[in-house]
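Participant: Here's the letter readout for the chains.
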Amino acid sequence: NAGVTQTPKFQVLKTGQSMTLQCAQDMNHNSMYWYRQDPGMGLRLIYYSASEGTTDKGEVPNGYNVSRLNKREFSLRLESAAPSQTSVYFCASTRDRLYGYTFGSGTRLTVV
Amino acid sequence: KNEVEQSPQNLTAQEGEFITINCSYSVGISALHWLQQHPGGGIVSLFMLSSGKKKHGRLIATINIQEKHSSLHITASHPRDSAVYICAVLGGAQKLVFGQGTRLTINP
Chain S
13 NAGVTQTPKF
23 QVLKTGQSMT
33 LQCAQDMNHN
43 SMYWYRQDPG
53 MGLRLIYYSA
63 SEGTTDKGEV
73 PNGYNVSRLN
83 KREFSLRLES
93 AAPSQTSVYF
103 CASTRDRLYG
113 YTFGSGTRLT
123 VV
Chain Z
2 KNEVEQSPQN
12 LTAQEGEFIT
22 INCSYSVGIS
32 ALHWLQQHPG
42 GGIVSLFMLS
52 SGKKKHGRLI
62 ATINIQEKHS
72 SLHITASHPR
82 DSAVYICAVL
92 GGAQKLVFGQ
102 GTRLTINP
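These protein sequence lines map, in sequence, to chains S and Z.
Mapping of the first sequence onto the numbering used here: residues 13 to 124, in sequence order.
Mapping of the second sequence onto the numbering used here: residues 2 to 109, in sequence order.
In isolation and in its complexed conformation, chain S is listed as follows:
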């Protein structure tokens, strides 16, 4: 089925460990986004990629890096995980910012 696929769905990390969250879309969308969702707060933008080959910081980029590997894939890396990065992470994509957004199913990350 067409959509945004995120992996993994769940992950537990120890403080200081690294990991990469994967996101892929098969809708030929230009723009891709990484958000985090914390209790009592709205989704917050971590990084985005307006088109293949470009990435930009969002509202809360510290502690994260991203790679737009190709038009389909946009990965989020935590180099040294911290408990403050415990959150639910969502990847999203859109053809153009004035079109609807498609979200992945989320990754629930716990850092202990």
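Treat the hints as calculated values from the structure; they're not laboratory data.
Check the hints yourself; a few may be wrong.
Claimed, not checked - Capping the alpha-carbon separation at 20 Å, the derived lysine to aspartate or glutamate pairs in DMTMM-like fashion look like this: (1) 96/Z x 91/S; (2) 96/Z x 108/S; (3) 96/Z x 64/S.
With chain S held as given, fit chain Z onto it using these hints.
Facilitator: Just chain Z now, kept in the frame of chain S:
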């Protein structure tokens, strides 16, 4: 003050009731989105509005650009409508800014 404020934060109603969720924003926008997040966590786009009104099944979304206000209405509510409804605006920086969400519970 958040750029996007939703009210109420929590809403419990009986099956069949007419539901209204409100969204107010403080920035100039080019579009407003309503999203639905089910208990399992997935987020689905319901509407994108830049003016007027849109309807899809039992869901109706309206926006008043001058008042900087949007409403999401659900007619003949059903327990399967229970979810968190999120308002998001596409602001001057051309990035979505999200409200905190409204948790809706419809009891049978």
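Participant: Which hint numbers doesn't this structure obey?
Facilitator: Hint 1 alone not satisfied by this model.
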